[in-house]
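Asks: Below, each chain spelled out in residue letters.
2 protein chains.
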Amino acid sequence: MSSPAIERILRGPTGLGTAGLQLRPPAPAAEVAAPAVHAPDVAAPEAPTAALPTVEASLVEAVAAEAVAAAASVLEAVLPDLQLPSVATPPSAPTLPSAPALLFGAPAAAPSGGKPKLGDPIPGLYHHPIAEPDPVRVEALSLKIKAWAIDEIELYPPEWEKDFDGFSTGRYMVACHPDAPSVDHLMLAARLMVAENAVDDCYCEDLGGSPIGLGSRLLLAHTALDPLHTTAEYHPAWEASLSEDAPRRSYRSAMDYFVRAATPSQADRFRHDMARLHLGYLAEAAWSESDHVPEVWEYLAMRQFNNFRPCPTITDTVGGYELPAELHALPAMQRVISLAGNATTIVNDLYSYTKELAGPGLHLNLPVVISEREGVSRQEGYLKAVEVHNELMHAFEAESAALAVACPVPTLVRFLRGVAAWLDGNHHWHQTNTHRYSLPDFW
Amino acid sequence: MSSPAIERILRGPTGLGTAGLQLRPPAPAAEVAAPAVHAPDVAAPEAPTAALPTVEASLVEAVAAEAVAAAASVLEAVLPDLQLPSVATPPSAPTLPSAPALLFGAPAAAPSGGKPKLGDPIPGLYHHPIAEPDPVRVEALSLKIKAWAIDEIELYPPEWEKDFDGFSTGRYMVACHPDAPSVDHLMLAARLMVAENAVDDCYCEDLGGSPIGLGSRLLLAHTALDPLHTTAEYHPAWEASLSEDAPRRSYRSAMDYFVRAATPSQADRFRHDMARLHLGYLAEAAWSESDHVPEVWEYLAMRQFNNFRPCPTITDTVGGYELPAELHALPAMQRVISLAGNATTIVNDLYSYTKELAGPGLHLNLPVVISEREGVSRQEGYLKAVEVHNELMHAFEAESAALAVACPVPTLVRFLRGVAAWLDGNHHWHQTNTHRYSLPDFW
Chain U
1 MSSPAIERIL
11 RGPTGLGTAG
21 LQLRPPAPAA
31 EVAAPAVHAP
41 DVAAPEAPTA
51 ALPTVEASLV
61 EAVAAEAVAA
71 AASVLEAVLP
81 DLQLPSVATP
91 PSAPTLPSAP
101 ALLFGAPAAA
111 PSGGKPKLGD
121 PIPGLYHHPI
131 AEPDPVRVEA
141 LSLKIKAWAI
151 DEIELYPPEW
161 EKDFDGFSTG
171 RYMVACHPDA
181 PSVDHLMLAA
191 RLMVAENAVD
201 DCYCEDLGGS
211 PIGLGSRLLL
221 AHTALDPLHT
231 TAEYHPAWEA
241 SLSEDAPRRS
251 YRSAMDYFVR
261 AATPSQADRF
271 RHDMARLHLG
281 YLAEAAWSES
291 DHVPEVWEYL
301 AMRQFNNFRP
311 CPTITDTVGG
321 YELPAELHAL
331 PAMQRVISLA
341 GNATTIVNDL
351 YSYTKELAGP
361 GLHLNLPVVI
371 SEREGVSRQE
381 GYLKAVEVHN
391 ELMHAFEAES
401 AALAVACPVP
411 TLVRFLRGVA
421 AWLDGNHHWH
431 QTNTHRYSLP
441 DFW
Chain F
1 MSSPAIERIL
11 RGPTGLGTAG
21 LQLRPPAPAA
31 EVAAPAVHAP
41 DVAAPEAPTA
51 ALPTVEASLV
61 EAVAAEAVAA
71 AASVLEAVLP
81 DLQLPSVATP
91 PSAPTLPSAP
101 ALLFGAPAAA
111 PSGGKPKLGD
121 PIPGLYHHPI
131 AEPDPVRVEA
141 LSLKIKAWAI
151 DEIELYPPEW
161 EKDFDGFSTG
171 RYMVACHPDA
181 PSVDHLMLAA
191 RLMVAENAVD
201 DCYCEDLGGS
211 PIGLGSRLLL
221 AHTALDPLHT
231 TAEYHPAWEA
241 SLSEDAPRRS
251 YRSAMDYFVR
261 AATPSQADRF
271 RHDMARLHLG
281 YLAEAAWSES
291 DHVPEVWEYL
301 AMRQFNNFRP
311 CPTITDTVGG
321 YELPAELHAL
331 PAMQRVISLA
341 GNATTIVNDL
351 YSYTKELAGP
361 GLHLNLPVVI
371 SEREGVSRQE
381 GYLKAVEVHN
391 ELMHAFEAES
401 AALAVACPVP
411 TLVRFLRGVA
421 AWLDGNHHWH
431 QTNTHRYSLP
441 DFW
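Protein chains in written order, with this note's numbering: chain U, 1 to 443; chain F, 1 to 443.
Any given hint could turn out to be false.
With a straight-line Cα cutoff of 25 Å, these simulated SDA-like cross-link-like pairs (lysine to any residue) come out [unchecked claim]:
#	chain 1	residue 1	chain 2	residue 2
1	F	Lys384	U	Glu239
2	U	Lys384	F	Ala240
3	U	Lys384	F	Ala232
No wet-lab data here; the hints were simulated from the structure.
It should be emphasised that the depicted structure is a prediction, and the values quoted were computed from it without experimental measurement.
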């Protein structure tokens, strides 16, 4: 840990790439530092974003490269311990492990230019291509998740079957969890994904959703994840309510399975991420109710909550191991998770742009909000949103590599790689799900 | 650990008093139990409420008594290690420690009957009286919290000073945290309490609050607790937003102090509890917007989220120690915390009943909802709400004592006592805060 690169990384927050690395606090502020106060030794301040406004994109890239290079030897020492039976490796990946390949997969080839064809990636979008998910696993998972949806949950009426199949939950989850030890582990993620979509569709969006009364519906559904503890008289009516509609039936069943496979800390983490998600839905609903177009930073704040976060953060449960709660709570880890969630959520904004355009009213997404609030064309808004995504992805990768160097615990490094793999799988699914998505005519 | 009482407690969920004690799972359900799945060893199912519907109140009391008795020897062994310089002891407390006194304080004397006088407790309300909080600490804390509110936060205009003083934050927090090592520790709780009130008053309730747009306001305020991680271009506007109104200024400053004194896991716990609180506000707002009176169980579900929970759960940070994240996440601990939060939140519904009646429109609280939905008088609704509170308090105490026996780790037992002390302090503050509260004419 004495190379110039690592020393620079550990020196402190001189740029975005190192800002999350303050695992030890500077001198605390006046009051709590007073001798009379005995704060716990592990107290860690959270000011990871303080240096952000002065960061140049080029510095981010430079620090990222340094951190990634420095991570290589650490990762080589740590990673042989990991069991990753089914990591998808792009055909062009190098045969000798390097930090980028170990944590993040190979970068995409240079764009070919011109108009993207159906199923092509978004031109200029920074991403890591993955191999097509194992078709045997995809088929097995697809059969099981459909059986669960129909037989256990009565999730949807027959006329929604085409959309259920077109969503390709099985292919999606196999792509996002390459290190899952079994199809049963993948089912943990698949059920939750289906349930989250049921709540979003039926309560918030296309299939009967509305901002009116949403706060009540989401809270009552949230009790399927975070149960009510009440008196003997009122308990049965709550219990019965969890079977009353498809969103609650699916949340409840998916959570029951998840809780049996997860540690209590992993279940608590998931509940927290779902509370965040529901807060995000409610902020979006508040704007929708009044046709308000938020500032770009406000939209990005909402989107940090209405976010894929609950999906990558179960990567350890789906992988059959645990990132300990203390490591999950580290400010540097929280920042890495947020950056990853924000980048991958903007991928959704970009690939679903034309689908959302087709709906009634003005559907908020990052290209639209940039266009509206910054007075630029839809095309310029879209292309700027690609740049926002890329900056967040680079920041995620830089800080993830730096954290792996600073805290080379095998479960932590595996978790970081699991989050990165989830992002790659999520991109692949969006790119190739031509049943749902097609690109605008901007190139 | 071999007395009949403990054996009965550990036997399993035969009643509410033991339902939280399943620290080891029964055989998992079909799929995840399949040999191919390697769930973590510590997996613990969460079905603590399965036995609830069949529970009789008398059984709750009996199991509570057993659990409390069984806890005595465990607590005696554990508690000498604790440093509790300023635990308020009622004058009538026994000099030899017993489990109830160690965990819960002495019970109230039998009610004297007749009409309660100003400052009397609610007749029939199960509670533990406490000694008047140390006036020296109260004075020191009151000065400091007012200086913070005025000098650091610019919390309120001069005309709100009387209400700020009348809230008696200093006296409240000294009553709720008898084991805080210093006034600086108490300030951690006092700032957060003031900040939570500022958000509730200014965004939701009396002082300009409204259900319209609340989802947006609460989410943006939540980023003062759970920061945004975004690009260099959009970061500064978010950063600046945290100073734009008193709720965000107070959340941000209170959280900055808290994070410096807390471990990352404690900060994560607090964020989760605040996300729950904000979800609760938004469910209540959804009903308010449409003048909807929920079912009683729905109201109780909302109130488990719009709840004092974030206050007692920081008892360890304020006490200068840490309940480890794994112990906090245990299903039995989560249930104890929920029961405690629910009981103490209904105390607020009961003491603020006449204050809320005086406001415009129908303010939902448990007596009103019971009266409306069960077709009984306001008086009957109120008296039934007292019984709901009492059942929750007894359940909290039974399960808390049982958990202390099952898991006699000093920090866990101290945390449980801290939660109980918070409830006692909260009751005392409500009972004696005649600036805000007076009782209805129901006796």
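Asks: What hint numbers does the structure not satisfy?
Replies: none
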